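Given these sequences and hints, build the entire structure.
In order, the protein sequence lines correspond to chains A and B.
According to the working numbering, the first sequence holds residues -3 to 396 in order.
According to the working numbering, the second sequence holds residues 398 to 662 in order.
Do not rely on the hints blindly, as some may be mistaken.
Non-contacting residues of chain A with respect to chain B, defined by C-beta distances greater than 12 angstroms in every case (computed) [unchecked claim]:
{"no.": "1", "residue": "5"}
{"no.": "2", "residue": "72"}
{"no.": "3", "residue": "108"}
{"no.": "4", "residue": "114"}
{"no.": "5", "residue": "129"}
{"no.": "6", "residue": "235"}
{"no.": "7", "residue": "239"}
{"no.": "8", "residue": "259"}
{"no.": "9", "residue": "271"}
{"no.": "10", "residue": "280"}
{"no.": "11", "residue": "326"}
{"no.": "12", "residue": "357"}
{"no.": "13", "residue": "358"}
{"no.": "14", "residue": "363"}
Derived Cβ-Cβ restraints for the label pairs, each shown as a range [as the list claims (entries may be wrong)]:
{"no.": "15", "chain 1": "A", "residue 1": "106", "chain 2": "B", "residue 2": "658", "range": "40 to 48 angstroms"}
{"no.": "16", "chain 1": "A", "residue 1": "292", "chain 2": "B", "residue 2": "463", "range": "52 to 60 angstroms"}
{"no.": "17", "chain 1": "A", "residue 1": "348", "chain 2": "B", "residue 2": "619", "range": "32 to 40 angstroms"}
{"no.": "18", "chain 1": "A", "residue 1": "303", "chain 2": "B", "residue 2": "611", "range": "23 to 31 angstroms"}
{"no.": "19", "chain 1": "B", "residue 1": "490", "chain 2": "A", "residue 2": "106", "range": "21 to 29 angstroms"}
{"no.": "20", "chain 1": "B", "residue 1": "626", "chain 2": "A", "residue 2": "255", "range": "19 to 27 angstroms"}
{"no.": "21", "chain 1": "A", "residue 1": "296", "chain 2": "B", "residue 2": "644", "range": "30 to 38 angstroms"}
{"no.": "22", "chain 1": "B", "residue 1": "658", "chain 2": "A", "residue 2": "292", "range": "44 to 52 angstroms"}
{"no.": "23", "chain 1": "B", "residue 1": "452", "chain 2": "A", "residue 2": "340", "range": "17 to 25 angstroms"}
{"no.": "24", "chain 1": "A", "residue 1": "163", "chain 2": "B", "residue 2": "536", "range": "49 to 57 angstroms"}
Here chain B is said to cover these stretches of chain A; the calculated rule only asks that three of the stretch's residues, wherever they fall, bring their Cβ under 8 angstroms from a Cβ of chain B [stated by the list, open to error]:
{"no.": "25", "segment": "20 to 28"}
{"no.": "26", "segment": "333 to 339"}
Treat the hints as calculated values from the structure; they're not laboratory data.
Here the structure is a predicted model, which is why all the values come from computation and not from measurement.
Just so you know, even glycine gets a beta-carbon here, dropped at the ideal spot from N, CA and C.
Residue strings, one per chain:
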Amino acid sequence: MPKRSFPVGTFILSVLVIIGLAVMIFRYVNGLGAISNLSDGRPWGLWISFDLYCGVALAAGGFTLAGAVYIFNLKKYHSVVRPAVLTAFLGYTLVILALLVDLGQPWYIWHIIINWNIHSPLFEVGMCVMSYTAVLALEFSPAVFEGLNKSNLPVVKRINWHIPWRVIRAIQIPLVIAGVVLSTLHQSSLGSMLLMMPETLHALWYTPILPILFLTSAIAVGPAMVIFESTLSTRVFGHKLDIDVLSGLARAIPYILGLYLLFKVFELTAVGELGLIFTAYPQNLLWWGEIIVGVIAPIILFSIPNMRQNRNIVFWTSVLIVVGLMFNRFNVSMLALGMRPGYIYFPHWMEFAISLGLVADALIVIWLAHRFLPIVSHENSVEAIAYRENGQKSIISPEA
Amino acid sequence: MSIAVLYDATKCIGCRACQVACKQWNEMPREMTTNQGTYENPPQLSASTLTKIRFREVEDNGKFHFVFNKVQCMHCEHPACAAACPVGALKKTPDGPVIYDDNICFGCRYCMVACPFGIPTFQWDSPLPWIRKCTFCAGRQSNGLKPACVSACSTGALKLGEREELIAEARERIAASPEKYVNHIYGENEAGGTSWLYLSPVPFEKLGMPTLGSEPVTLDVERAMGAVPPVLLGVATVMSGIYWLVKRRERIRREKADAKEEVTK
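Okay, structure coming up:
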């Protein structure tokens, strides 16, 4: 075995996690005011824009890929479903962890289960976050059972992990359908939440079709996110991913982004506010920023077949889409949302510390999962292939 | 039959007795502030200041006005905060007040973001924080008392009454001395109407009141939320249908392939 160099990456991630935890404890003792620049004029800040709005949208790879493979039967993408579902699950876990910091009294979160205000979009968001996180955990659980099955620990070995594995496999399709339904509702309800602010959200972004725009952009960013993280994980863990899979995903994206652009421009035209994209300085710069970076450039790049064959271009174009989407979510939930007069907001360093700590958490879990669980390699086990092709009740492979 | 208050800025002398009465009745602590070069203090509403008098020096139609403006929860007819609250901790009562229940809230602050008047505040420095806003002294009112601020008002700038009657009275006041008022009863239609009504000698935007349409701000949300059940059922049906169709097509293809194989054998 080659000598290991000092694990710089692991060290940095651990430090970020520890700082995040320390800030979290400080918050529970001293209140939100002590660790954030949030105020009555800007009650929602970095955590809502980044962890909730971006986090949920970037988790869209889970339901788009699971839907494509298990419902539309596009077997080609089977190899990226597990990483996508894992990323989605971690994304949602991060949302929940961020809310544990952001909510004033998170220990009362269960109130949402008994006190329903079915007219509130945030009620819908809360319900979807809870149930979809559970669905994602179940969707991912076969990988955990397979991992446990291979374990040599005597205690773990005594349990027959085939049984829960088979149970989950049996309800896989209903799970995937539930995931698609919950995601459709959830992605769009984040847009519905902003419909409450017709007077404070800038006219370039406020539209009654915000829920539809949110859903469309989430579906577009799902495959881009899968390209992004599977490219990174192949680099880090040294697997090889078929360029066919990447370029196939890339080919679908321009259609969805095109639809999104069409909705956006058509809506502005319909209400006679298209002129704002030239006149509403400086907001129009934000608008053009997200449209050029996250929509127009990727549509052009992914429409050229040669570009789709180049791993680097595919990767960087996906980065553009992800950045553009984050730009959009920050615009609608922070930058283009009016504040009460007399207030200013820029996130406190401890707000950044919380968000960075949570991202570091996720990266560590992804690293551990790839190290100990069959995330990518489960593809190649004989049984898995046999199961997929013949629908046989196979045993779990004891892969050496 | 809902209760409302009419605030007439031309009768207000800026004594802030209402502000003090509110603090006393609600047992709110003082706030440390710095001199901002104005009598107006504190500068903003907060979780320990539920109402305040705003001071404005306004030039309008070539005339100088030193005008006052009382700020507190408007107690909307269609409150965005109550529609936003995921757990229903905020509610519009039939009598008029929009009330808040500590025992249900978990501190998401969506009400603060949703409010078109920018009113609800949060206890930022408490480890057990709640939302705070004017309660319209719902407790006092249900015991036959006027709200603390109204009781304290010595000039008659604040008047409690039936909303419809107060609107009629406000119209009469404008008609009786049109040179004294702008012809606008703020709160009659703003955001679908509010339980607090305002008369002013200068346009309301110059008093720092937001310019709002007459539709409730909750309209689009109501439409979107109404679409949730059909979308839920629709997506579930379509997805199951697609799954069934794709599987069926694949089975037929496989059967055909098998049949061919047998023929060639």
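Consistency of the hints with the structure:
no., hint, in the structure
1, 5, "holds, 35 angstroms"
2, 72, "holds, 14 angstroms"
3, 108, "violated, 6 angstroms"
4, 114, "violated, 7 angstroms"
5, 129, "holds, 17 angstroms"
6, 235, "holds, 28 angstroms"
7, 239, "holds, 25 angstroms"
8, 259, "holds, 15 angstroms"
9, 271, "holds, 20 angstroms"
10, 280, "holds, 22 angstroms"
11, 326, "holds, 15 angstroms"
12, 357, "holds, 22 angstroms"
13, 358, "holds, 23 angstroms"
14, 363, "holds, 32 angstroms"
15, 106/A <-> 658/B: 40 to 48 angstroms, "violated, 59 angstroms"
16, 292/A <-> 463/B: 52 to 60 angstroms, "holds, 53 angstroms"
17, 348/A <-> 619/B: 32 to 40 angstroms, "holds, 37 angstroms"
18, 303/A <-> 611/B: 23 to 31 angstroms, "violated, 52 angstroms"
19, 490/B <-> 106/A: 21 to 29 angstroms, "holds, 26 angstroms"
20, 626/B <-> 255/A: 19 to 27 angstroms, "holds, 25 angstroms"
21, 296/A <-> 644/B: 30 to 38 angstroms, "holds, 37 angstroms"
22, 658/B <-> 292/A: 44 to 52 angstroms, "holds, 50 angstroms"
23, 452/B <-> 340/A: 17 to 25 angstroms, "holds, 22 angstroms"
24, 163/A <-> 536/B: 49 to 57 angstroms, "holds, 54 angstroms"
25, 20 to 28, "holds (count 5)"
26, 333 to 339, "holds (count 5)"
In the structure shown, a violation is registered for the earlier hints numbered 3, 4, 15 and 18, in ascending order.
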